[in-house]
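Asks: Read off the chains here:
2 protein chains.
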Amino acid sequence: MIRTPFSLLAASLLATSAPTADPVTPGMIVERAPTADWAPVAPEDLLLIDLAGGGQVAIALAPEFAPVHVANIRTIARAGWYDGLAIDRVQDDYVTQWGDADGHKPSPPGIVAHPAAEYDRAAAGLTPVPLPYRDSYAPATGFVGAFPVAADGDRAWMTHCYGIVGVGRDMAPDTGNGQELYAVIGHAPRALDRNVALVGRVVAGMELLSALPRGSGALGFYADPKQRVAIARVRIAADLPPAERPAYQWLRPESASFAAWVKLRANRDDAFFRHPAGAVDLCNALPPVRPAPRS
Amino acid sequence: MIRTPFSLLAASLLATSAPTADPVTPGMIVERAPTADWAPVAPEDLLLIDLAGGGQVAIALAPEFAPVHVANIRTIARAGWYDGLAIDRVQDDYVTQWGDADGHKPSPPGIVAHPAAEYDRAAAGLTPVPLPYRDSYAPATGFVGAFPVAADGDRAWMTHCYGIVGVGRDMAPDTGNGQELYAVIGHAPRALDRNVALVGRVVAGMELLSALPRGSGALGFYADPKQRVAIARVRIAADLPPAERPAYQWLRPESASFAAWVKLRANRDDAFFRHPAGAVDLCNALPPVRPAPRS
Chain A
1 MIRTPFSLLA ASLLATSAPT ADPVTPGMIV ERAPTADWAP VAPEDLLLID
51 LAGGGQVAIA LAPEFAPVHV ANIRTIARAG WYDGLAIDRV QDDYVTQWGD
101 ADGHKPSPPG IVAHPAAEYD RAAAGLTPVP LPYRDSYAPA TGFVGAFPVA
151 ADGDRAWMTH CYGIVGVGRD MAPDTGNGQE LYAVIGHAPR ALDRNVALVG
201 RVVAGMELLS ALPRGSGALG FYADPKQRVA IARVRIAADL PPAERPAYQW
251 LRPESASFAA WVKLRANRDD AFFRHPAGAV DLCNALPPVR PAPRS
Chain B
1 MIRTPFSLLA ASLLATSAPT ADPVTPGMIV ERAPTADWAP VAPEDLLLID
51 LAGGGQVAIA LAPEFAPVHV ANIRTIARAG WYDGLAIDRV QDDYVTQWGD
101 ADGHKPSPPG IVAHPAAEYD RAAAGLTPVP LPYRDSYAPA TGFVGAFPVA
151 ADGDRAWMTH CYGIVGVGRD MAPDTGNGQE LYAVIGHAPR ALDRNVALVG
201 RVVAGMELLS ALPRGSGALG FYADPKQRVA IARVRIAADL PPAERPAYQW
251 LRPESASFAA WVKLRANRDD AFFRHPAGAV DLCNALPPVR PAPRS
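First to last, the sequence lines map onto chains A and B.
Just so we're aligned, residue 1 is where the first sequence starts under this note's numbering, counting upward by one.
Just so we're aligned, residue 1 is where the second sequence starts under this note's numbering, counting upward by one.
Honestly, the hints are just simulated from the structure, not real lab data.
Heads up, the beta-carbon is just placed ideally off N, CA and C, and yes, glycines get one too.
Don't take every hint at face value.
Stated by the list, open to error - From chain B, some residues computed to sit far from chain A (all C-beta separations above 10 Å):
| hint | residue |
| --- | --- |
| 1 | Glu44 |
| 2 | Arg78 |
| 3 | Gly80 |
| 4 | Asp83 |
| 5 | Pro128 |
Stated by the list, open to error - Rough simulated footprint, nothing fancy, chain B against chain A, three-plus residues with beta-carbon under 8 Å:
| hint | stretch |
| --- | --- |
| 6 | 78–84 |
| 7 | 130–143 |
| 8 | 161–173 |
| 9 | 190–197 |
| 10 | 206–212 |
| 11 | 279–291 |
Said to hold, decoys possible - Among chain A residues calculated to face chain B with C-beta under 7 Å, some are:
| hint | residue |
| --- | --- |
| 12 | Asp92 |
| 13 | Asp93 |
| 14 | Gly186 |
| 15 | Gln227 |
Let the sequences and hints guide you as you build the complete structure.
Replies: Here it is as structure tokens:
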């Protein structure tokens, strides 16, 4: 039996045409979503990390979940404080982390040095689009904008999922101040939910964080400082001239396209699948993101 | 506020000593588990993949879940058929896949060319150690040996989790025959459960699969064949002289150590945590594995 690469598991994440009789795939729904179903990441909420070796990581910030920490991050970026720092920790199936690896740099001025814990917030004021499936960790889950959210009673919080960005910190009650950040690169470590301030989601350049060599030191820190991955500069997109700003969009969870996409993610009926799951996990249903089409 | 790297998120996956007052961490439970709580991967079930560029990936095979597919894999390995093939697909947050990238190699003799679908099996005869938390995809989950398992009524199946290995295939009813394999390198794609024959779990060398550059072609295939990662040889450990065999162990899910570890994974009470999750997801509780200690 000879297989061509394209046929192997092809239908499991079909994003383009393939030689099947599939009526509709999740990828096709995203491709066909009308312009109105996409929402823009605000330039003020778009953090751009340029690696010294090339490539840019773009993070959509989430002030609705951690306003003080996000404000700190904007201030730190605008002070140029992140420039010249490095990725110093890559722990397999867990996180990639960056910041002031040696801890020698004085804190930037103008930040809230000791923010209150923004690990969860009042559910009131958020209107999540619910995900109607069981979750291992919370009684209710759903989406607010591009972000996954869980709720219990009158509290709600962003959850750890692949690509979600959080604030490194010391032991409680310290909450970190945004000088050290990490992104999830493995199966969602949901036990960290409500224990860390989550501040955003990687919307582009994820592979620049996830495909790095794993650190051989304890907790995945690079044992040799030479292994660190240098960060050239970090900016807020709003500070670039409009014509030079990268721009990203997410598929609105309130849209009909997203509803159809989630339903199909949970109930695949194309030629590859014999047994639709009948459900989809929160972190397997993050609202799709894309670069904004050029107008 | 100055942070040293070790203090950042340190307690979240403490595997070694750290300057905290934590009474017990999950890592400490694993460290202290008595010898009797560890079970060996049988040499006949240990697939060893040597990459041409160096490094070895070790996979514990699971004949209890897919006996015909696993027998095929042993036969293919013993024929030397995998030798000289390559990793040709790395799709971010999904899978790393290897096999006969160009599909030019005649199938090895002695295999079952068209195995029946071993996507699930009778629950009878398996005695999973149950995980007492909700799961998004199945009414019941737990562990059999080193493997995650889900069950519904009288059927049971291994589940996709980080590091789980499956058999690439074409469209149903084809089930693949073991010539193409993949490993999960992202958030568990559980929608594939019961749609693919799962045959094992990576027990060492995972970073050799997860940290590879992502493919830029459709579905993460390497667009340029030069990007492929060559496989030097693939062997079954039982075929090596006993003194030369790598050996791995898993923490028995039936053991008191594992029970204590799972409980603590779900209810962290060390200094870092303010809000224990009260639960742990199946794929966040895979039985720990390690190289067998030298006796």
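Asks: Using Cβ atoms only, decide whether aspartate 92(A) comes closer than 7 Å to chain B, and label the hint accordingly.
Replies: 5 Å, holds
Asks: With d taken as the least Cβ-Cβ distance between glycine 80(B) and chain A, does d exceed 10 Å?
Replies: At about 19 Å from chain A, glycine 80(B) clears the 10 Å cut-off, so the statement holds.
Asks: Are there three or more residues in the stretch 190–197 of chain A whose C-beta lies closer than 8 Å to some C-beta of chain B?
Replies: Our answer is that it holds, as 7 residues pass the Cβ test (under 8 Å) against chain B, meeting three.
Asks: Checking C-beta pairs, does the stretch 130–143 of chain A have three or more residues closer than 8 Å to chain B?
Replies: holds (count 5)
Asks: Non-interface claim for glutamate 44(B): all C-beta distances to chain A beyond 10 Å?
Replies: Given that every Cβ of chain A is farther than 10 Å from that of glutamate 44(B), nearest at about 25 Å, it holds.
Asks: Is arginine 78(B) truly not at the interface, in the sense that its beta carbon sits beyond 10 Å from all beta carbons of chain A?
Replies: Non-interface label on arginine 78(B) holds, nearest chain A Cβ at 19 Å vs cutoff 10 Å.
Asks: Would the stated hint for glycine 186(A) survive a check requiring a Cβ distance to chain B of less than 7 Å?
Replies: With a closest approach of 6 Å, the glycine 186(A) hint holds.
Asks: Are at least 3 residues of the stretch 279–291 of chain A within less than 8 Å of chain B when you compare beta carbons?
Replies: Answer holds; 6 residues pass the 8 Å Cβ test.
Asks: Between the stretch 161–173 of chain A and chain B, see if three or more residues pass the 8 Å beta-carbon test, and mark the coverage as holds or violated.
Replies: Check passed, 9 qualifying residues.
Asks: Does aspartate 83(B) really sit off the interface, with its C-beta more than 10 Å from all C-beta atoms of chain A?
Replies: Check passes; 18 Å lies beyond 10 Å.
Asks: Classify the hint on glutamine 227(A) as holds or violated, based on whether any CB of chain B lies nearer than 7 Å to its CB.
Replies: With Cβ-Cβ at 12 Å, over 7 Å, it is violated.
Asks: Minimum Cβ distance from aspartate 93(A) to chain B below 7 Å?
Replies: 5 Å, holds
Hint violations for this structure: numbers 6, 15, all remaining hints satisfied.
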